[in-house]
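Colleague: Residue strings, one per chain:
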Amino acid sequence: MIEFEQVTKTYPGGSVAVEGFSLVVPSHRTVALVGSSGSGKTTLLRMVNRMVEPTSGRVLIDDQDVQDRDPVELRRSIGYVLQAGGLLPHRTVLDNVATVLRLNHVTRQAARARAAEMLERVGLDPALGSRYPGQLSGGQQQRVGVARALVPDPNILLMDEPFGAVDPIVRRELQDELARLQTELGKTIVFVTHDVDEAFRLGDEVVVLRERAAIAQQGTPSDILAAPADEFVHDFVGAGRAERVLHTQTIGGRLVAVDGTGLPVGVLES
Amino acid sequence: MNLIAEALAWLAEPANWSGPGGIPARTGQHLAITALTILLAGLIAWPAGVLIGHTRRGAGIVGALTGAARAIPTLGLLTLFGLGLGIGLTAPLLALIVLAIPSLLAGTYAGIQAIDPAIPAAARAIGMSPAQVILTVEVPLAMPVIIGGLRSATLQVVATATLAAYTADIGLGRYLFAGLKSRDYTEMLGGALVVVALTLVLEVALAICQSVARRIVDPASRTQRTPA
Ligand SMILES: Nc1ncnc2c1ncn2[C@@H]1O[C@H](COP(=O)(O)OP(=O)(O)OP(=O)(O)O)[C@@H](O)[C@H]1O
Ligand SMILES: [Mg+2]
Chain C
1 MIEFEQVTKT
11 YPGGSVAVEG
21 FSLVVPSHRT
31 VALVGSSGSG
41 KTTLLRMVNR
51 MVEPTSGRVL
61 IDDQDVQDRD
71 PVELRRSIGY
81 VLQAGGLLPH
91 RTVLDNVATV
101 LRLNHVTRQA
111 ARARAAEMLE
121 RVGLDPALGS
131 RYPGQLSGGQ
141 QQRVGVARAL
151 VPDPNILLMD
161 EPFGAVDPIV
171 RRELQDELAR
181 LQTELGKTIV
191 FVTHDVDEAF
201 RLGDEVVVLR
211 ERAAIAQQGT
221 PSDILAAPAD
231 EFVHDFVGAG
241 RAERVLHTQT
251 IGGRLVAVDG
261 TGLPVGVLES
Chain Y
1 MNLIAEALAW
11 LAEPANWSGP
21 GGIPARTGQH
31 LAITALTILL
41 AGLIAWPAGV
51 LIGHTRRGAG
61 IVGALTGAAR
71 AIPTLGLLTL
81 FGLGLGIGLT
91 APLLALIVLA
101 IPSLLAGTYA
111 GIQAIDPAIP
121 AAARAIGMSP
131 AQVILTVEVP
141 LAMPVIIGGL
151 RSATLQVVAT
161 ATLAAYTADI
171 GLGRYLFAGL
181 KSRDYTEMLG
191 GALVVVALTL
201 VLEVALAICQ
211 SVARRIVDPA
221 SRTQRTPA
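Residue numbers (the UniProt record's numbering), protein chains in the order written: chain C, 1 to 270; chain Y, 1 to 228.
Note that these hints are calculated values from the structure, not bench results. Using N, Cα and C, we set each Cβ at its ideal position, and we do this for glycine too. Certain hints may be false.
Just some of the chain C residues that point at chain Y, by a computed CB distance under 7 Å [stated by the list, open to error]: (1) TYR11; (2) GLY14; (3) MET51; (4) VAL72; (5) ARG75; (6) ARG76; (7) ALA84; (8) GLY86; (9) HIS90; (10) LEU103; (11) LEU128; (12) SER130; (13) PHE232; (14) VAL233.
Some chain C residues flagged as far from chain Y (calculated, every beta-carbon gap over 12 Å) [claimed, not checked]: (15) GLN64; (16) GLU73; (17) LEU74; (18) ARG91; (19) ASN96; (20) VAL100; (21) ASP160; (22) ARG172; (23) ARG180; (24) PRO221; (25) ASP223; (26) ALA257.
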């Protein structure tokens, strides 16, 4: 369980990235933080692994203040998928994935074996292991980033727009793969994105953020779609968007769901 | 008279290739002074450069200081040290160290600062300690530029190490000073040619090291350049 308690972060220079943020991320659940650029999502994530220290308030993992943990040891215990990938350009893909295991004193051979296994699990050809990050496509690099975070089998996974750099089709593929992995692994995941559809697809719970990480609404995807808290959330999640407003038509004796543009999107079964 | 031909004849003379004053012995001494200078200068410049590069602080001040240091005439410095320390190897060694530090230092901090800051930050975020970030990420990635600094420092030192013979009977500079004193220009020119040859050899060797380091740091470029 991760707990944010009245967390505020003011960066040197006075920009307030996060103000009075409180949230509980229950164990084995995925909480998706969604908000526009600059709303403080990355800052929130980085306060969990102490890459950023809160100006006030506390972040707790299983009731322990992260401030009381050794930062290096803390980071090694948390899987972190960085917004920009963050792979080491001078190490092979396999060694990149094995890095954290090596930091945790797993032998080179065992680390590589587990890394190769994980590459396969995230849908990468293990033959890519001997390449360098610069020789991979953006989507492949993001999978490597996910594999690197998963391979030490951490309880907590912080994912910062992990699928930001890929086209919608690959993105969808990666989302499905993560969802599948999560049903197997049951990690505690904080997933940051500015894509509402992605947040709805992956989050057990979704937190919509405004500026300064102010919570506009928090709830399950259906809660939020059914009853957007205000105009901001309504617009942000596109509750009024034509493809979100479905109605039914009876065609040939069957109930067909049709979206706001008149496009049939499926058949209803009772 | 043909000075070049005489110098070449001097170089071809077997007598000049043996004994404690011979070309091999003096070249060995010259290389030893160069290596010792680079080592001692590196002991100061490399850690300092890594620290400046890692923290990304102090580059401005250090840049100005090393710029000023570069402007100091080494012969003047040597004379100064020589007056204080007397004859022997210490004075030229100190002067050469002052000569070498700016290049070594600049290569190191510039190389580390040129790394995309997201890379060491990511290394830290996945749990590397500061020492691990420096030793396994920053220094390897900066290696081509660090070797570039080593290359220019070595060239300056190997050429200037001739000055060691000003206060000590050591190195290839002996031929220059002895020749100058006895107006034996053949010996002077011959000695100078040996220095030039040595410089070229070192230059080529270090250039190869640099390109090897470059390929290690940027492995992706290797396959991109090979035609499909
Ligand atoms: N190191 C920093 N120093 C100063 N200001 C910062 C720093 N990092 C972030 N900020 C500011 O804090 C605010 C929140 O930044 P943050 O990176 O957390 O946003 P984000 O929600 O992750 O945005 P994006 O979706 O673009 O990644 C922004 O206004 C940003 O300019
Ligand atoms: Mg961000």
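Colleague: Against this structure, judge whether each hint is valid.
Modeller: Against the structure, the hints come out as follows:
{"no.": "1", "hint": "TYR11", "in the structure": "15 Å, violated"}
{"no.": "2", "hint": "GLY14", "in the structure": "21 Å, violated"}
{"no.": "3", "hint": "MET51", "in the structure": "5 Å, holds"}
{"no.": "4", "hint": "VAL72", "in the structure": "5 Å, holds"}
{"no.": "5", "hint": "ARG75", "in the structure": "4 Å, holds"}
{"no.": "6", "hint": "ARG76", "in the structure": "3 Å, holds"}
{"no.": "7", "hint": "ALA84", "in the structure": "6 Å, holds"}
{"no.": "8", "hint": "GLY86", "in the structure": "3 Å, holds"}
{"no.": "9", "hint": "HIS90", "in the structure": "5 Å, holds"}
{"no.": "10", "hint": "LEU103", "in the structure": "5 Å, holds"}
{"no.": "11", "hint": "LEU128", "in the structure": "13 Å, violated"}
{"no.": "12", "hint": "SER130", "in the structure": "10 Å, violated"}
{"no.": "13", "hint": "PHE232", "in the structure": "31 Å, violated"}
{"no.": "14", "hint": "VAL233", "in the structure": "31 Å, violated"}
{"no.": "15", "hint": "GLN64", "in the structure": "18 Å, holds"}
{"no.": "16", "hint": "GLU73", "in the structure": "8 Å, violated"}
{"no.": "17", "hint": "LEU74", "in the structure": "8 Å, violated"}
{"no.": "18", "hint": "ARG91", "in the structure": "9 Å, violated"}
{"no.": "19", "hint": "ASN96", "in the structure": "10 Å, violated"}
{"no.": "20", "hint": "VAL100", "in the structure": "6 Å, violated"}
{"no.": "21", "hint": "ASP160", "in the structure": "10 Å, violated"}
{"no.": "22", "hint": "ARG172", "in the structure": "26 Å, holds"}
{"no.": "23", "hint": "ARG180", "in the structure": "24 Å, holds"}
{"no.": "24", "hint": "PRO221", "in the structure": "29 Å, holds"}
{"no.": "25", "hint": "ASP223", "in the structure": "33 Å, holds"}
{"no.": "26", "hint": "ALA257", "in the structure": "44 Å, holds"}
Of the hints listed earlier, those the structure fails to meet are numbers 1, 2, 11, 12, 13, 14, 16, 17, 18, 19, 20 and 21, in rising order.
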